[in-house]
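Q: Residue strings, one per chain:
There are 2 protein chains.
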Amino acid sequence: MSGDITIKYAQDLMRRYYYERDSKRGLHATFTWFVEEVGELAESLLKDDKESIAEEIADVLAWLLSLANIVGIDVTEAFRKKYMNPEPPL
Amino acid sequence: MSGDITIKYAQDLMRRYYYERDSKRGLHATFTWFVEEVGELAESLLKDDKESIAEEIADVLAWLLSLANIVGIDVTEAFRKKYMNPEPPL
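One line per chain: the protein sequences are A and B, in this order.
Going by the numbering used here, the first residue of the first sequence is number 5, and it counts up by one from there.
Going by the numbering used here, the first residue of the second sequence is number 5, and it counts up by one from there.
The shape of chain A in the complex, shown without the other chains (with noise of 0.2 Å):
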């Protein structure tokens, strides 16, 4: 572990790099490419590659933080608010 990353960290880096884009592009269709990502990571995990499956699963984040940064939510506070308040729900 070279350290922590914070999904603050994460969610910002996505729309310093995809905002314009992903923002010209709509929610819908942003929609769109996260569930084509969902998608890959199905197909990842039915070969049981485990390369693949950590590729898909850091692409499944990245598009969803992209989302999120596309309607405007901070999804450090969304986890925070339904599981730290104050314990995941069982």
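Hints may be right or wrong, so weigh each one.
The list cannot tell twin chains apart, which means a pair is met if one copy fits it or any two copies do.
Listed below are the simulated DSS-like cross-link pairs for lysine-lysine, each with C-alpha atoms no more than 30 Å apart in a straight line [to be verified]: (1) K86 with K12; (2) K85 with K12; (3) K28 with K54; (4) K51 with K86; (5) K51 with K85; (6) K51 with K28; (7) K54 with K12.
Please keep in mind that the hints were generated in silico from the structure rather than gathered at the bench.
Note that the coordinates shown come from a computational prediction; the quantities given were computed from them, not determined experimentally.
With chain A held as given, fit chain B onto it using these hints.
A: Chain B only, in chain A's frame:
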């Protein structure tokens, strides 16, 4: 903002609360639950209900981290490798 959450903290939290149940349920069943949450996110986007979008984004993230726990993927490392090495692919 009352402080940042690292991806690692969130993944560990999901492991602590849900790993036993998730791993007993199995990978494909957990993936199915994850996709169910993606569907709920779609529904909230179509309804344009910001509070519900925030909650569903948190849920999709939570299930993605749970999936990663089952397959033994460190999401921080996966994200770093794909998007911070040295910078996001365009």
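Q: Look at each hint and say if it fits the structure.
A: Hint check:
1. Proximity of K86 to K12 under the C-alpha cut-off of 30 Å is found in both arrangements, the shortest distances being 16 Å within a copy and 17 Å between copies.
2. Taking CA atoms no more than 30 Å apart as the test, K85 paired with K12 passes in both settings, with 15 Å inside one copy and 17 Å between copies.
3. Proximity of K28 to K54 under the C-alpha cut-off of 30 Å is restricted to the inter-copy arrangement: shortest distance 20 Å between copies versus 34 Å within a copy.
4. When the C-alpha separation of K51 and K86 is checked against a cutoff of 30 Å, the pair qualifies only between copies, where the shortest distance is 20 Å, while the shortest distance within a copy is 32 Å.
5. Taking the shortest alpha-carbon separations for K51 and K85, only the inter-copy value of 21 Å comes in at or below 30 Å, while the best intra-copy value is 35 Å.
6. In the homo-oligomer, the alpha carbons of K51 and K28 lie at most 30 Å apart only across protomers (21 Å), although the nearest pairing inside one protomer, at 34 Å, exceeds that limit.
7. In this homomeric assembly, K54 and K12 come within 30 Å of each other (Cα to Cα) both inside a single copy, at 26 Å, and across copies, at 19 Å.
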